[in-house]
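Chain A is fixed; fit chain B onto it per the hints.
The lines below spell out each chain.
2 protein chains.
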Amino acid sequence: MMNKAILLDKRPVGKPALTDFKFIEEEMPVPAEGELLLKTLYVSVDPYLRGRMRDTKSYVPPFELGKPITSGLVTEVISSGNTDFQKGDFLFGYLDWKEYQISDGKGLMKVDGNAASLSTYLGVLGMTGLTAYLGLKEIGLPKPGETIVVSGAAGAVGNVVGQIAKLMGLKVLGLAGTDEKIETLKNKFKYDQGINYKTTENLSLAIKEACPDGVDIYFDNVGGEVSDAVLANIKFKSRIIICGAISLYNDTEPALAPRVEGKLVINSASMTGFIVGNYADQFPEGIQQLTAWYQEGKLISSETIVNGFDQIPQAFLDLFEGKNEGKMIVKI
Amino acid sequence: MMNKAILLDKRPVGKPALTDFKFIEEEMPVPAEGELLLKTLYVSVDPYLRGRMRDTKSYVPPFELGKPITSGLVTEVISSGNTDFQKGDFLFGYLDWKEYQISDGKGLMKVDGNAASLSTYLGVLGMTGLTAYLGLKEIGLPKPGETIVVSGAAGAVGNVVGQIAKLMGLKVLGLAGTDEKIETLKNKFKYDQGINYKTTENLSLAIKEACPDGVDIYFDNVGGEVSDAVLANIKFKSRIIICGAISLYNDTEPALAPRVEGKLVINSASMTGFIVGNYADQFPEGIQQLTAWYQEGKLISSETIVNGFDQIPQAFLDLFEGKNEGKMIVKI
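Chain order of the listed sequences is A and B.
The first sequence begins at 461 in this note's numbering and counts up one residue at a time.
The second sequence begins at 461 in this note's numbering and counts up one residue at a time.
A hint or two may mislead.
Identical chains share a label here; the pair holds if one copy fits it or two copies do between them.
[As the list claims (entries may be wrong)] Listed below are the simulated BS3-like cross-link pairs for lysine-lysine, each with C-alpha atoms no more than 27 Å apart in a straight line:
(1) K517 x K603
(2) K697 x K517
(3) K658 x K668
(4) K470 x K783
(5) K464 x K791
(6) K517 x K668
(7) K597 x K697
(8) K695 x K597
(9) K758 x K631
(10) K658 x K646
(11) K697 x K603
(12) K626 x K758
(13) K695 x K517
(14) K517 x K631
(15) K697 x K631
(16) K668 x K631
Treat the hints as calculated values from the structure; they're not laboratory data.
Owing to the predicted nature of the structure, the values given are computational and were not obtained by experimental measurement.
The shape of chain A in the complex, shown without the other chains (with noise of 0.2 Å):
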């Protein structure tokens, strides 16, 4: 038995392509005393891991041509050889997009497939949830009765940050591409209001006829124009947190915009770069919470489920046309 696994083959320019991606099939792994053989179950594609396929400085190192592709996955421990750890675990880790792997259980962490389902800890009790979060709570610092603004509103971050809004007691707007995303925004992710950018020919002023005292908060997963329709409706001491700018990631050129500096010293508004993997501190207490209202039915999981280990590379690009709603999963 041969045991698969996906390599980044070119740099992407502008938008990946599949060709971008390289199968190949390895001699199975075999654990060396005190590792672990683990079975890939679930696959997060994300974002931002176009970033990291590029080769410049960032947050995380990039990828290196000619290697595994890695995102965070959740496992079963077929063999183990750390006591920490028992055949049948389930564990959440960053490891590499390849039916099977070694590890020696560095970093991985269990989860329980009974709480909830193991594709959860991808997504509303994993890194997700988490960002939605934290993000919201440590760069936001939301009052009851603030106006919020979501971009990828029905996103995998986003449609959180709404659901977590509402429970803080905020009135929230959601922004996404597609009608049907519209409706689910307020049918089942409960936002008060919802645009579809795509379809909205002055989107400034539909934000400002939906937030006429102004925005409080905007959470952006997106960047680009939409971003800037945004900013002309925000209020004073205002909180902009940027989780993500999806729409910029493929471009080949820095795109231009409106400059932000006046808008925020005449709002004395802050702008601010949020990256969850700094608040490992409070992993735990977020992890509690998310799952607290999860139990209680106060907070849904939605995810976009792709089947097949060959289907990685596509989910990931799916990403960058909007194709999902919440999180995108690869079910192996």
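What follows is chain B alone, placed relative to chain A:
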């Protein structure tokens, strides 16, 4: 004897001109019961006044056409019907550009002409010093050993930021627009390094060479392309204080710039608009600290003093040409 006043006659389009102001002579004002008669001694001219000449919403209301401009003034009490103030007191306040005026005393603050020269209360011991100190402290969160870049480094706020940053143990790079100012930065204000942004071909590279480990704090008084070059060099968790954007105040079209979202998220950096008025509860502590440094000779007062009431509009216009070193003040 008639009283001179300066009114806003036209809203400037682009760069303000002398013709946007109107000098009038009016009857000498006569204080009613309980009122003060004030004689203007020193007038502060500031870049932010340009914003108030526009008929747009901002953190302070726009000036009205045909009404006097107001700014920070040091005045002398000529007669007082208010027991809180005596003839001969020197008062700071936001008052009209008039030689003499009436006040009920609200919002006025006594200043001590023996402790420091009176103009100092418009500069390093006034709002200018507070802006530098509180902006750096509250938004910059400076730590000894960190690297700060200051734009408009020889200007009113900038020179104080640089001096305080040195007192706090930071490595300080100043950006200014003439070789004379660069010399002043280094010799008078004790900046570690200075770069003339006007004569430097590749400013981003020059900043990189001056700050090889990157920039922890950027105190921005200027905005525009100078800022783009600094942003190219920011570090992980860097803080950007947007205190002013003088390079943009006269723009008639919103200027375009490389988008900042990506830079902010990759670096977990923040960009925050700072308005000193939001920190009024910290003014007493700030003034106490600034006064202590000043009296110990650790903080130098730098002023460009222009003489004559009639010179107020020209002094204001000269700010946009960078003709001031330190605080621009008109002595009446």
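**OP:** Can you give me the call for K517 and K631, within, between, both or neither, at a CA distance of at most 27 Å?
**Re:** So K517 and K631 pass the 27 Å test across copies only (24 Å; inside, 37 Å).
Original post:
Between copies, within a copy, both or neither: which fits K464 and K791 at Cα up to 27 Å?
Top reply: Close inside one copy (15 Å), not across copies (80 Å); limit 27 Å.
**OP:** Check K695 against K597 for me: Cα-Cα at most 27 Å, and say if that holds within a copy, between copies, both or neither.
**Re:** both (18 Å within a copy, 24 Å between copies)
Original post:
Which holds for K626 with K758 at a C-alpha limit of 27 Å: within a copy, between copies, both or neither?
Top reply: within (10 Å within a copy, 51 Å between copies)
Original post:
Given identical chains, is K658 near K668, meaning Cα to Cα at most 27 Å, within a copy, between copies, both, or neither?
Top reply: within (17 Å within a copy, 40 Å between copies)
Original post:
At most 27 Å between C-alpha atoms: does K517 with K668 qualify within a copy, between copies, both, or neither?
Top reply: between (38 Å within a copy, 15 Å between copies)
Original post:
Checking K658 and K646: alpha-carbon separation at most 27 Å within a copy, between copies, both or neither?
Top reply: within (17 Å within a copy, 52 Å between copies)
Subject >> Intra/inter-copy verdict for K758 and K631 if alpha-carbon distance must be at most 27 Å >> reply: within (17 Å within a copy, 50 Å between copies)
Original post:
Can you tell me if K517 and K603 fall within 27 Å by alpha carbon in one copy, between copies, both or neither?
Top reply: between (36 Å within a copy, 24 Å between copies)
Original post:
Can you tell me if K695 and K517 fall within 27 Å by alpha carbon in one copy, between copies, both or neither?
Top reply: between (34 Å within a copy, 11 Å between copies)
**OP:** Please work out whether the CA atoms of K470 and K783 approach to 27 Å or closer within one copy, between two copies, in both situations, or in neither?
**Re:** within (24 Å within a copy, 53 Å between copies)
**OP:** Classify it for me, K697 with K631: is the Cα-Cα distance of at most 27 Å met within a copy, between copies, both or neither?
**Re:** within (17 Å within a copy, 30 Å between copies)
Going down the numbered hints, you'll see the structure goes against none, and every one checks out.
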